[in-house]
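Participant: So the sequences go chain by chain: C and R.
Just so we're aligned: 102 in our numbering is position 102 of the first sequence, and the numbers increase by one with no gaps anywhere.
Heads up, our numbering is the position in the second sequence plus 137, with the first residue counted as 1.
Accuracy of the hints is not assured; some may be wrong.
Claimed, not checked - Computed spacing ranges between beta-carbons, pair by pair: (1) R:Trp212 x C:Lys106: 33 to 41 Å; (2) C:Ile98 x R:Gly203: 29 to 37 Å; (3) R:Phe180 x C:Asn104: 23 to 31 Å.
What the hints assert, rightly or not - Not everything, but these chain C residues come out facing chain R in the computed CB check (under 8 Å): (4) Tyr64; (5) Val84; (6) Arg96.
Bear in mind the hints are in silico, worked out from the structure with no lab data behind them.
No residue lacks a Cβ here, since even glycine has one placed at the ideal position from N, Cα and C.
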Amino acid sequence: MPKSAGALTAQRRTTSRRPAGTLYRGREGMWSWVLHRITGVAIFFFLLVHILDTALVRVSPEAYNAVISQYQTPIMGLGEVALVGAIVFHAFNGLRIIAIDFWNAKYQRVLFYVVIGLWVVTMLAFTPRHLINVFSH
Amino acid sequence: MTSTLAAPRSPYARTPQKRGVNWEKWGWIYMRVSGIVLVVLIFGHLFVNLMVGEGVSALNFAFVAGKLANPFWQWWDVAMLWLALIHGGNGMRTLVNDYATTRVSRGILKSAILAAVVILIVLGTLVVFTFDACPVGQPADLLPTFCQAL
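Chain R extracted, bound-state conformation (with noise of 0.2 Å):
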């Protein structure tokens, strides 16, 4: 038998759209484009956190947070942050679309997935952007030492 699969591209042969925007097409570019960008902000970060000096071993909040204290690793957290999770909920999204069978199981499972990005990006952006590098009342050992000149 000889069939001829659509594009991953395509939209939706049942709702054949003469106008307005087609989604799986902008989905299928924002994969490529982000995973692009992912590349390299994922590969800086394994490379921070995992390579330079005594890698794993070294993380702990002080590290944390004389990183989260500079705005560049701010908005590189930040920017990781969003971009991979609308990356792997989009990519999610695609398993649910081919092997979820009913309407029903897709659509519990396409609402956990959206839930689960919402939730985790508004919580991962205020951390980034509300965080204390130096709380009160904590041990001196367990902070950045440049919180001793505070």
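Next comes chain C alone, as it looks inside the complex (with noise of 0.2 Å):
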């Protein structure tokens, strides 16, 4: 089959399930779209708060580690394993976004599972570590 013929076929099949002109409903592609949205909000929230505890170093040693000693509870230390987990999302799915925006967008589903792949090869490096620094302490 002819190259052209085939990608005709793909775009009808294509067209008559969703609107044209987006990747950004339903499926991967929404979902991919909710958790890039959400994740950045709450990393968002996070950096105003993380600023202000680290201006800290500008008052007093007694102030900043009164208040970084609160990053290391075991509550927080949980906390942060959900914050480290937002932020690889956010990075793998944003290189993920520019590779679909300057590369092809046909390849957008599959990069998604390698977005999840990678997201769960970095999570099982960081979080045992992470949550034995937490609680060995």
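Dock chain one against chain two, each of which comes alone in its own frame, and use the hints as you go.
Facilitator: Following this line, the structure appears as structure tokens:
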């Protein structure tokens, strides 16, 4: 089959299922977009707090140590796993967005599963080490 | 129903521009360029602060002061500060444009985002460049070890 005929069939099949001009309605395209927004908002609000707590180094060593010790409790330790999980997803999915914008959008679905796979590998490397650091002190 | 959505990098249709800067395009480009740089800066930040040594348990004034006494980490942190806040502020602006339904609510929310971004960029930059790793009159056990040599 000539390449153009295959592309046409694929296009007709695609347009019959979803509105033209968007990757972002339904299935992997939509869920990656939803997760990108949720993780982005969460990271933004953490960033606001994190700049304020770090600014305490300018106040006094005691003030900074008092606040940073709150980050070393078991509950916050679990929160840091969630935070790093959000950052790692947002980072890898952001690279996926760049790839489908500048390279080729037809790989967006498989790239979503690549993002999930890289996320799992990264979290497997981070989580045990971090939890040992949190719970052994 | 079949409809076509404009690409997110398109200028607003309400104000057709023939001349001038397409700020939405530059915002779109900024998100991608800063995003790539931030992946490197933030992954490096997380690795050094959470993975090396005893990770989060080792964080205290002495650790941060030891890093911020080094111009390499000063510029690393300032680059993260500016790039991340503008990236995050522009992302929040996109959400406000999508979800806030009235002109007044959009104006209030976007003003609040802009104020937060500007104030925190100024605060963070001042902290990094006016910071004293060995403040006078503080207990020596809270300070980095190199302060004893002073």
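Participant: State for each hint whether it applies.
Facilitator: Checked hints:
no., hint, result
1, R:Trp212 x C:Lys106: 33 to 41 Å, "40 Å, holds"
2, C:Ile98 x R:Gly203: 29 to 37 Å, "35 Å, holds"
3, R:Phe180 x C:Asn104: 23 to 31 Å, "25 Å, holds"
4, Tyr64, "5 Å, holds"
5, Val84, "6 Å, holds"
6, Arg96, "11 Å, violated"
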